[in-house]
Amino acid sequence: MRRSYGSRATRSGVEFDLFGSGSGATPIVAPATPGSSPETAIQVASLTETARAVIEGSFAPLWVRGEVSDFKRHRNGHWYFCLRDASAQVRCVVWSRNQRGIPASPDEGMEVTAFGQLTVYSARGEMHLNVTALDAIGDGLWRKAMEETRLRLDREGLLAPERKRALPSAPTRVGMVTSPDGAALRDVISVIRRRAPHVSLVVSAATVQGPGAPAEIVAAIQRICRFGEIDVLIVGRGGGAREDLWAFNSEAVARAIAESTVPVISGVGHEIDVTIADLIADHRAATPSAAAEAAVPMRSDLLAALRDMSDELCASLAERASRARSDLESGAMALRRAASIDAERRRAAISATAGRLNALSPLATLARGYAVARDPVHKTTLASVADFKPGAPFTLTLRDGDVAARVADKP
Amino acid sequence: MSYEKRVERLQEIVADLEGDGLPLDRALKLFEEGIEILRLASDELTSAEGRVQLLIESAEGVFETREIDV
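Chains as they are written, first to last, in this note's numbering: chain P, 102 to 512; chain Z, 18 to 87.
Bear in mind the hints are in silico, worked out from the structure with no lab data behind them. All of these numbers come straight from a predicted model, not from anything done at the bench. No residue lacks a Cβ here, since even glycine has one placed at the ideal position from N, Cα and C. Don't take every hint at face value.
[As the list claims (entries may be wrong)] Covered stretches of chain P (in silico footprint by chain Z; criterion: 3 or more residues with CB under 8 Å from a CB of chain Z, positions within the stretch not fixed): (1) 216-224; (2) 411-417.
[Claimed, not checked] What follows is a set of in silico ranges between Cβ atoms, one per label pair, in the way DEER data are often shown: (3) Z:Ser19 / P:Asp443: 57 to 65 Å; (4) Z:Arg68 / P:Ser401: 17 to 25 Å; (5) Z:Glu21 / P:Glu209: 48 to 56 Å.
Whenever a hint applies, use it, and build me the whole structure from the sequences.
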């Protein structure tokens with residue numbers, strides 16, 4: 102409380118120090134003090150307005166603890182509720198413009214602390230607390246807000262395990278959305294340099310805390326996706342208070358992660374911090390350093406894998422060559438075998454033909470004493486009388502040779 | 018070709034070489050391709066030095082990367 106109540110009852114009536122400017126030591130009691138008699142009765146509006154001024158002047162904005170009841174969300178966006186305990190209650194209002202810093206509306210019966218200015222609503226003559234900050238005991242509202250976002254994303258299937266993309270096995274360019282002067286970036290750089298010094302890091306800068314952070318993070322994710330020349334994207338920041346990590350619970354950030362053109366690894370805060378960004382990312386790492394470890398495999402492992410592949414390549418060619426050689430050898434053998442079978446068959450065929458030729462040969466007939474007459478020039482057989490022209494020469498073939506002969510001139 | 022694509026291609030080549038019915042001259046060509054890919058992939062791991070760059074997009078949507086010291 103800034104100061105004591107601005108009015109007090111006296112035996113002679115009520116003293117009003119309407120503007121808080123009077124000195125308590127020397128109260129002025131005017132003869133016609135407003136409201137001191139029926140004649141000087143004041144207007145209701147003056148009364149409530151004076152009460153408002155007195156109350157607002159007496160109470161600095163303060164935290165009040167109680168249970169929420171009769172919560173109503175007016176269609177103009179304002180919230181109305183009562184804050185109560187066992188024996189008392191006070192009306193509360195949260196104007197829509199003051200709701201931005203409050204993660205979610207409170208539930209009925211929720212134990213909360215509300216920060217606000219005590220005031221009087223003249224139109225109703227009611228005292229109420231004009232609330233500008235509100236939280237449930239045990240982070241209840243933050244958890245509720247997160248749960249609401251999670252449910253919305255889940256209903257759209259954006260958190261389904263089958264949506265998770267596999268991380269590249271050997272990226273050469275890693276993207277990161279974070280603050281360029283934050284601890285997270287330094288951690289990621291040192292992990293990448295240690296594990297995979299050949300890998301480049303492209304940073305898309307964003308403020309990661311404060312009211313503008315969600316929009317900046319969304320813009321930074323979209324920017325690096327448009328740029329395109331990265332294999333995997335880390336989104337994150339170092340540890341901080343719950344409010345500092347809140348941007349990573351933003352629905353807009355979650356949607357930007359879901360729409361990323363490359364797989365996303367989240368690395369926000371410390372091990373115990375789980376954000377919406379962690380739930381929607383393709384891979385959740387507990388910290389930015391762990392995100393970098395998930396993003397890049399050890400170079401020594403990659404080199405070992407290449408050596409293995411080189412061995413496999415050589416072995417497969419050697420195997421292919423030895424198969425070719427054995428194919429060639431068995432081919433040659435088959436050819437030799439085929440050739441020898443063929444030669445044998447030809448030999449048998451020739452000898453059979455020779456036998457038949459011998460049977461048909463006229464030489465056998467000649468051997469029995471017959472002779473054959475042939476034309477000496479054309480070697481045709483002269484088998485008919487008509488073939489012999491008077492005086493024409495012919496050859497007479499006998500068993501042991503030819504005899505030149507001539508047809509007699511006259512028969 | 019990205020490092021990953023190279024490794025994928027290498028695996029295809031090994032599988033083809035191990036399979037049946039590949040003519041010998043084709044097998045030799047694949048082997049040569051495999052050796053070349055291995056050389057490029059290994060170079061990428063050993064001779065490239067990773068950089069740290071800040072991505073900047075101009076109002077016209079032109080991208081620029083600027084080396085940063087951290």
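So does Arg68 of chain Z sit 17 to 25 Å from Ser401 of chain P, Cβ to Cβ?
holds (21 Å)
Given a hinted range of 48 to 56 Å, is it respected by the beta-carbon distance of Glu21 of chain Z and Glu209 of chain P?
The hinted range 48 to 56 Å holds for Glu21 of chain Z and Glu209 of chain P, with Cβ atoms some 54 Å apart.
Asp443 of chain P and Ser19 of chain Z - C-beta distance against the hinted 57 to 65 Å
Cβ of Ser19 of chain Z to Cβ of Asp443 of chain P: about 58 Å, so the range 57 to 65 Å holds.
Are there three or more residues in the region 411-417 of chain P whose C-beta lies closer than 8 Å to some C-beta of chain Z?
Result for this restraint: holds, n = 4.
Report holds or violated for chain Z covering the region 216-224 of chain P, Cβ cut-off 8 Å, minimum 3 residues.
violated (count 0)
Comparing the model with each earlier hint shows a violation of hint 1 alone; every other hint is respected.
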